[in-house]
Amino acid sequence: MKSIKETKIEMKTLNKILIAFSLVFAMSCETEALLTEDSISNQTAGAYFSTAAGFEDLSKSIYPLLRPIGQLRGLTLNGGDTFSQQTAWDQVGYQNNVNIETYGPEFTEGVGDVQDFWVYHYKAINRANTVISRSTSVQNLGEYAGTLDIRVAEAKFIRAYCLFSLVQQFGDIPMPLVETTSANKDVIRVPSAEVYSQIISDLIEAEGVLPATASDYGRATTGAAQHLLARVYLTRGWNFGNSLGGTAADFEQARVYADKVIAAYPMVSDYKDLFPKKSEDPTNQTHGSGDQDAKNSEIVFAIQYSDQVLTNYVEVDDASGADMTGDGGNNSHSIFGGSHDESPGSPGRTSDYNRQLGKHNALPGLWRLFDPETDTRYHLNFVEKVYAVVDNPGFVPASGAAAIDIKKGDVVVEYRDWNNPATTLAERGKDIGGNMNYAVINIDEIGKIDESSYHNANKTPMMWKFWEPGIPYGNGFGEFDQALMRSSEAYLIAAEAIVKGASAGSVGSASDYYNAVVNRAIIGGQLGDADMAAAPNDLSSLATKSYRASGSVTIDMILDERAREFMGEGLRWYDLKRTAKLIERAKAFNPWIGGLNHIKEHHYLRPIPLSELDLATNEVTQNPGY
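Just so you know, the numbering used here puts 541 at position 541 of the sequence shown, and the rest follows in order with no gaps.
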């Protein structure tokens with residue numbers, strides 16, 4: 001298997017062409033994006049793109065833009081009911097990232113996450129528009145004619161994907177549909193209902209042309225268009241503030257398209273086969289990541305970071321010459337949970353436990369949604385034990401405590417299952433006067449105890465889900481593909497659509513679709529039952545209730561299951577907005593949002609970025625409340 005670096009060398013020629021083509025953060029009619037066509041080998045970019053080979057390269061150039069888009073998680077994960085950028089769960093007065101996290105007055109049009117989200121999505125839209133616009137000028141098509149139609153369909157799919165993300169975040173938005181070749185500073189915000197109509201039109205056209213199997217792994221397929229259509233119809237059906245043009249018929253369409261995906265993309269039988277494999281060797285947390293197949297049957301569409309030629313090249317900003325994609329690496333391994341670089345038995349800043357930046361920390365309520373005894377996802381998603389990777393003789397766990405000789409492979413931190421807390425000193429670590437040689441941390445204690453190096457505000461649990469040990473410390477060059485669409489979501493889309501009035505489908509009732517996802521995760525399938533905390537926001541409560549559907553299914557049950565199944569996959573904020581549950585659940589399960597109580601109805605939309613307001617020569621209306 002070729003490495004990313006090796007593949008980049010193969011793409012050197014293409015890079016030269018694409019650098020000439022690249023636009024300066026194109027934002028349709030409101031930016032000063034210009035198409036520069038430098039002569040390369042006595043051929044302009046325009047002339048090159050009118051050939052079949054050139055147009056093929058042009059079509060490839062859209063896909064790398066999905067990489068930075070896939071890493072823009074600030075607006076999709078934080079500020080909800082499952083993740084927080086705060087490192088201390090109960091210290092509401094300590095505000096590490098008030099901009100997005102708490103919806104306070106600092107959350108304005110100048111926030112960088114808002115700006116980046118807008119810029120990269122519109123850049124991808126303009127690249128897609130360029131492919132669509134220039135498709136009519138390709139000469140001497142011959143056998144390439146059919147392929148060209150497919151490439152245009154791919155561009156329409158990606159345009160639809162980006163427009164869908166933008167319209168959910170910002171409401172009425174500019175909607176460029178042709179290539180931007182000169183500056184136009186008149187910003188026209190198109191009503192959301194029109195945007196949804198265009199998205200659906202693009203996707204239906206793409207569905208009719210795209211192949212069931214892509215010629216190059218990573219390209220859009222019929223299934224990808226169908227999956228996105230299911231999402232779009234489901235969202236429009238909820239008809240946010242009666243602004244989307246949605247009707248009850250949209251839920252039926254969502255179920256129909258979900259069934260198409262389910263038929264073509266069977267779920268894998270074991271959840272652990274979806275993501276990088278968890279190391280079970282306490283002495284070797286740096287096992288290689290190449291033993292996991294990211295191209296399994298459940299993946300409908302993914303951003304690729306592996307060895308494929310399609311996207312492995314550096315996307316360059318033609319204004320600054322800067323690398324815009326971080327060399328294309330997947331940073332998912334490095335941003336979830338707190339760091340244990342300073343734990344005993346750690347040599348310091350190494351890749352043994354990845355580089356955990358703590359940008360997204362699982363909230364206590366998310367932990368309590370899982371049954372640790374029966375739900376396999378609990379142990380596969382969370383780091384429950386941290387091991388020493390080097391000997392650490394004479395470690396003093398706390399002031400005045402006796403020294404401990406820690407050996408490689410010893411447990412140094414254990415996060416106890418939420419329903420099995422350590423309650424006696426015999427079960428507790430010597431760092432707080434107990435009998436165990438390692439720190440024992442109950443979930444409801446995180447951020448509350450500051451008695452040792454283990455128990456402090458920054459010691460939040462890590463996630464296994466996107467684990468890629470062995471990657472050099474400090475870089476984001478993960479090679480595991482980032483799934484944007486999985487068929488397990490199609491089951492839950494169908495369940496939600498049926499709850500909202502759609503007819504039963506190929507799998508059955510709403511509970512049948514819902515339980516299909518739950519049962520895959522439960523040890524023994526149909527055997528046993530799964531429990532979760534009755535009140536995840538109540539850290540003292542260990543009362544439980546079942547989360548397998550025995551009769552009817554509610555929207556809250558579906559939201560709980562989506563939180564378990566897709567934790568960290570960038571869907572959560574959209575789920576909460578679609579179902580109008582953002583304020584209710586964020587206040588209940590996010591101590592930062594609930595404690596500060598800044599969140600208001602207008603936060604269902606993000607502010608239009610300041611850069612767009614400044615660039616526009618016409619009067620642009622900001623979203624209400626900002």
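Worth double-checking, as some hints may not be accurate.
[What the hints assert, rightly or not] Taking lysine to aspartate or glutamate pairs in the DMTMM-like style, the calculated list, with each CA pair at most 20 Å apart, reads:
1. Lys407 with Asp417
2. Lys385 with Asp417
3. Lys278 with Asp116
4. Lys600 with Asp614
5. Lys278 with Asp216
6. Lys465 with Asp556
7. Lys500 with Asp556
8. Lys185 with Asp614
9. Lys260 with Glu584
10. Lys359 with Asp116
11. Lys587 with Glu619
12. Lys359 with Glu569
13. Lys407 with Asp512
14. Lys277 with Glu252
15. Lys408 with Glu298
16. Lys359 with Asp614
17. Lys385 with Asp281
18. Lys465 with Asp512
19. Lys465 with Asp270
20. Lys408 with Asp444
[Stated by the list, open to error] Quick list of simulated restraints, FRET-style, between CB atoms:
21. Thr554 with Asn519: 17 to 23 Å
22. Gly594 with Pro191: 30 to 36 Å
23. Thr247 with Glu584: 37 to 43 Å
24. Gly146 with Ala263: 24 to 30 Å
25. Ser215 with Glu584: 22 to 28 Å
26. Thr544 with Asn618: 36 to 42 Å
27. Ile188 with Asp149: 41 to 47 Å
28. Leu425 with Gly470: 36 to 42 Å
29. Leu425 with Leu357: 47 to 53 Å
30. Asp614 with Glu106: 18 to 24 Å
31. Ser541 with Asn296: 47 to 53 Å
32. Gly142 with Ala212: 37 to 43 Å
33. Ser215 with Ala263: 58 to 64 Å
Just so you know, these hints were derived from the structure itself, not from any lab.
Using N, Cα and C, we set each Cβ at its ideal position, and we do this for glycine too.
When you check the alpha-carbon spacing of lysine 278 and aspartate 116, does it fall within 20 Å?
This hinted pair is violated, its Cα atoms lying about 32 Å apart.
Taking 47 to 53 Å as the stated bounds, is the beta-carbon spacing between leucine 425 and leucine 357 within them?
violated, 34 Å
Status of the given 37 to 43 Å range, CB of alanine 212 versus CB of glycine 142
At roughly 24 Å between Cβ atoms, alanine 212 and glycine 142 fall outside 37 to 43 Å, so the hint is violated.
Holds or violated: 36 to 42 Å for the Cβ distance of threonine 544 and asparagine 618?
violated, 57 Å
Outcome of range test on Cβ distance (threonine 554, asparagine 519; 17 to 23 Å)
holds, 18 Å
Taken at face value, is the distance from the CA of aspartate 270 to the CA of lysine 465 at most 20 Å?
holds, 14 Å
Starting from lysine 465, check that the Cα of aspartate 512 is at most 20 Å away, please.
Distance of about 26 Å is beyond 20 Å: violated.
Pairwise hint evaluation, aspartate 556 against lysine 465, where the allowed Cα distance is 20 Å at most
violated, 24 Å
Are the Cα atoms of lysine 407 and aspartate 512 separated by 20 Å or less?
Violated. Lysine 407 to aspartate 512 sits at ~49 Å, over the 20 Å cutoff.
Within 41 to 47 Å or not, the Cβ separation of isoleucine 188 and aspartate 149?
violated, 30 Å
What's the verdict on lysine 359 and aspartate 614, does the C-alpha distance respect the 20 Å limit or exceed it?
violated, 30 Å
Is lysine 278 close enough to aspartate 216, meaning Cα to Cα at most 20 Å?
violated, 29 Å
Checked against the numbered hints given earlier, the structure breaks hints 1, 3, 4, 5, 6, 9, 11, 13, 14, 15, 16, 18, 20, 23, 25, 26, 27, 29, 31, 32, 33 and satisfies all the rest.
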